[in-house]
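**Student:** Sequence:
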Amino acid sequence: MEMNSCKELRCKENSGDNCYNCFSVVIVGAGMAGLGAAKCLTDAGITDFVILEGQEQAGGRVCSVLMDSSSQRFVELGAQWIHGEGNPVFELAATEQLLSGTTSDEGLGLYLKPDGKQISLTVVQEVAGVVGDILEDCCRFVNETSAPESVGAYLTQKFTQYIKSCNDPLDVQKEKMDLFDWHVRFQTIDNSCTRLSCLSAKAWGEYEYTGGTDYNNFHHGYCSLVDCLLRLLPHGALRTSCHVRHIDYSKQAHVKVLCEDGREYSASHVIVTSSLGYLKENHKTLFHPGLPADIAKAIDTMGFDTINKLFLVYDSAWWPEDFQGIQLIWDCEEKEDADHKSWARCVSGFDVLADMSAVLLGWVGGEGAVAMEELSDSQVSFDCTQVIRRFMDDPHIPLPSTIFRSKWHSNKFVRGGYSHTTAECDRAGCGPETLAQPISSQDCSNGKRPVVLLAGEAVHETHFSTTHGAFLSGTSQAQLVVDYLNSGSA
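Our numbering applies: residue 10 is where the sequence shown begins, and numbers increase by one.
Among these hints, one or two may not hold up.
[Claimed, not checked] Using 30 Å as the maximum straight-line C-alpha spacing, the simulated DSS-like pairs for lysine-lysine come out as follows: (1) LYS306 with LYS293; (2) LYS421 with LYS293; (3) LYS260 with LYS289.
[As the list claims (entries may be wrong)] Listed next, with one range per pair, are the computed distances between beta-carbon atoms: (4) SER366 with VAL74: 17 to 23 Å; (5) ASP364 with HIS255: 41 to 47 Å; (6) ARG204 with GLN81: 38 to 44 Å; (7) THR169 with THR56: 57 to 63 Å; (8) GLN395 with LEU267: 17 to 23 Å.
Think of the hints as simulated: they come from the structure by calculation, not from any bench.
All residues carry an ideal CB built from backbone N, CA and C; glycine is no exception.
Could you put the whole structure together from the sequences, leaning on the hints where they help?
**Tutor:** What follows is the structure, encoded as structure tokens:
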């Protein structure tokens, strides 16, 4: 059956609909996965598609906010950098001259105790090397039949062995344990998980770096890449403020997509790029019939916790020119008190940003990331300043003139940061590869038609948690649709 005939069939069977809302493909979500899928279709000459985005703008977890209109400086409340060069996101950004040419780093600067004392660089580097070696060693379990219970269990076991082998004075041993506590906090943020005890050691080595320079910055915000991708798409392909509430794929010939405002769309193929956090909360009511058991199990079992970012903006930098930031080395045995609540203890540190002379970036993970969202800007500003004053041992450090911060857990379309594979996934035998399986039906010809396909960073086996992983996932799922349409089965 020809593609146009399929569209006629959809409209006939959906006679109550306006044919204006009948498409070959509906893409749910205009984040990097949705835009990747749309670009793939467009490049293949397929323009009979629509993107339905629930929020007011495209980008998903790319969220650039203009900080300074005079200099066009942006803060990134979502994705901060492009990781590596050998991927289509970097290649497109480079081709379109969107990159600033500067790169960043994390976890640099002064490693300070709560009393303001600095831990020696020698000890800092030694512990960093040990932790790095343990995590590197953890990569081997991806190819072995047995693996430790979790990344947290393996890291703790090996670091404890290291501490016992050192015969350090008690004060040095204590410093090393406090540094280890910082590395645990850093890794919970880096992996968007509440506890490393939930993080799969088996899957730790799945992630693949794409090579070249890391932490690549944009000249005028990550949003410039989103704008670039939108310009490549057919006019009118994007419809914002279209919150998809129900996807009915029970009929063989077409899928009905119902939006919250009552609008209904019909398509032969639906690519769903909603975040894993959104799917966890909504998949049981979003799809009819319910998703296949293995896909539903993977959604429920994979991890998707919250990380947030804090940008402290000052009228002028109160730190010296060579300052790289501070890392907060809490006493791991210290009890929390009323002045140092748990949310602030989940901040790993504050880094100086490239190209921004008077801005500090703080990362907060774990339970503190969620707790922070409930506080006012003034309270967050005060709490951060109190912590910085304490660790810098300087009561005169000013409050920031303004702050910008993310609230990804509160965003009903996201509900967290990004995905990770849990230890429970190992036991259940599921993961990103499970989510990537298309739901197909046998109709129109002897070929299997991909009806519902999931895409997003959580669906990519080796580039999860990245924008290029999301983009590649959307591209590969859209390519399945392209291949089907070009096969003659349509």
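**Student:** For which of the previously enumerated hints does the structure constitute a violation, in increasing order of number?
**Tutor:** 8
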